[in-house]
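A.B. asks: My request is simple: use the sequences and hints to build the entire structure.
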Amino acid sequence: MTAVYSTIDARASNNALAINRPLSSASTGHPPFLIRQFAAPLGAQVLGLDLNRPLHEDDFSLIRKAFADHHVLVFRKQDITPQQHVAFSRRFGPLQIHVLKQFQLPGTQEILQISNIRENGEPIGLGDAGAFWHSDLSYKAIPSLGSLLHARELPTTGGDTHFSNMHLAWETLPAALQKTLLPLKAEHTYIKRYEEQRAKAPWRPALTQTQLDEVRPVVHPVVTTHPENGRKTLFVNEHFTSRIVGLPVDESDDLLQQLFAHSIRPEFIYTHQWEEDDMVFWDNRSVIHLAGGTPDDQRRRLNRTTVEGTVPV
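Heads up: the sequence shown at position 303 corresponds to 305 in the working numbering, and the numbers run straight through without jumps.
Hint data in this document are derived by calculation from the structure and do not stem from the laboratory. Please note that a few of the clues may not be correct.
[Claimed, not checked] Result set (DSSO-like, lysine-lysine): computed pairs, CA atoms no more than 27 Å apart in a straight line:
#1 K67 to K234
#2 K202 to K103
#3 K234 to K194
#4 K103 to K67
#5 K103 to K181
#6 K79 to K67
Source: prediction; values computed, not measured.
C.D. replies: Spelled out as structure tokens, the structure:
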């Protein structure tokens with residue numbers, strides 16, 4: 003799918019929120035930072051914030067509010083260590099460990115490597131991550147609050163990431179369909195398309211029984227309420243949502259296909275074109291995303307942490 007929005011030059015935007023540091027942190031000598039909203043249905047970039055430096059609690063509160071408002075935050079020029087990446091992520095909540103532990107960054111179990119690079123003939127990371135639209139870890143009993151992806155090595159072509167606003171997906175459904183969906187629940191399972199992906203690419207190993215036990219199917223409401231901004235969101239995705247509970251298979255499949263198609267309409271989408279040292283933080287409670295793909299001859303390596311959320315309601 004071709005998205006219609008991409009990163010804009012912040013200097014060209016008139017829709018900017020200037021964040022001035024409170025007096026309590028001004029004495030540190032840190033410059034003010036800016037949050038500039040993209041000309042897109044979601045997303046904003048954070049300019050002038052250096053995550054190498056301590057982040058004052060008041061400033062962190064502003065970042066958290068912007069995250070709930072914009073759903074995707076892009077932190078520019080963050081030349082930070084994996085340990086700093088993990089420490090910043092932990093400010094938002096406990097971190098979740100991905101089931102494919104063989105792709106952890108060595109020495110840092112909280113970081114999943116998203117990479118098409120091979121070392122000694124073996125992949126160092128999950129090279130086909132994001133091949134279908136999804137919300138990270140929607141297949142867990144306690145899904146993710148959000149994911150933080152840090153660019154460490156980028157291809158010269160390709161590698162974009164598409165994000166779709168699931169608040170807008172819900173709000174633009176016909177009223178009659180909204181009424182139908184409100185009481186429904188859906189099953190989410192990590193293995194829905196796992197073997198399909200294994201057949202196409204060499205990145206995914208066969209799952210052990212221990213790993214299968216870790217990702218047993220779960221059930222969540224089809225429509226959830228965001229715990230911070232209070233807005234309803236459509237909480238289904240083509241990668242992990244397998245069925246609508248209580249409906250015949252054909253009705254469930256038809257309804258899900260309708261919702262999947264509706265949720266990725268171009269007017270809901272922001273496409274991120276990665277720059278060196280970008281840190282992108284997206285809200286898995288209100289956003290689904292898709293990897294745009296990278297040519298096989300281009301190296302790509304990013305580090306991802308995932309913050310635990312709450313039980314969807």
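A.B. asks: Which earlier hints turn out false for this structure, listed by number in ascending order?
C.D. replies: 4 and 5
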